[in-house]
Amino acid sequence: MKTSIDCPTIARPAAFTVTLCALLLVFAVPQFLQAASATWKSSPANGNWNNNGNWTPASAPNGPGDTATFAISNINGVFLSLNTEVNSIIFNAGASAFT
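The sequence shown maps to residues 0 to 98 in numbering that gives the first Met the number 0.
For the record, the hints were derived by calculation from the structure and aren't laboratory data.
Below, a list of computed lysine to any residue pairs in the SDA-like style, where the Cα atoms sit at most 20 Å apart: (1) Lys40 to Phe78; (2) Lys40 to Ile74; (3) Lys40 to Thr66; (4) Lys40 to Asn50; (5) Lys40 to Ser58.
As the structure is a computational prediction, the values presented were derived from the model and not from experiment.
Build the full structure now, drawing on both the sequences and the hints.
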C-alpha cells in the first residue's frame, strides 16, 4: 500500500505558474509606471505639449495609458514638438477654447 504523493509532478506546474506570473509582472508593470496622466497648467510657460513644466504633475502625457486634462489656461494654443500618444483628452466644464 502506497501512502505518499509524488510531489515533483505537482511542483512543476506550480513552478511554471510562478515563473509565468513573474514574467507578466516584468513586462506589465513598466507600462503602468510610465503612465503620466496630467492637467495642463492655468499659466504654462508656453504652448508646447511636450514641455513637462506645462503640466501638473510635471510630466507631459505621452503614452498609451495617459490622459491629458484641460481646464482654464492663459495659453490655449497647444502644439506638439514630439510624436505623442495618449489614451484620452478631457476638457473640463468651462475649459478655455484650446487649439
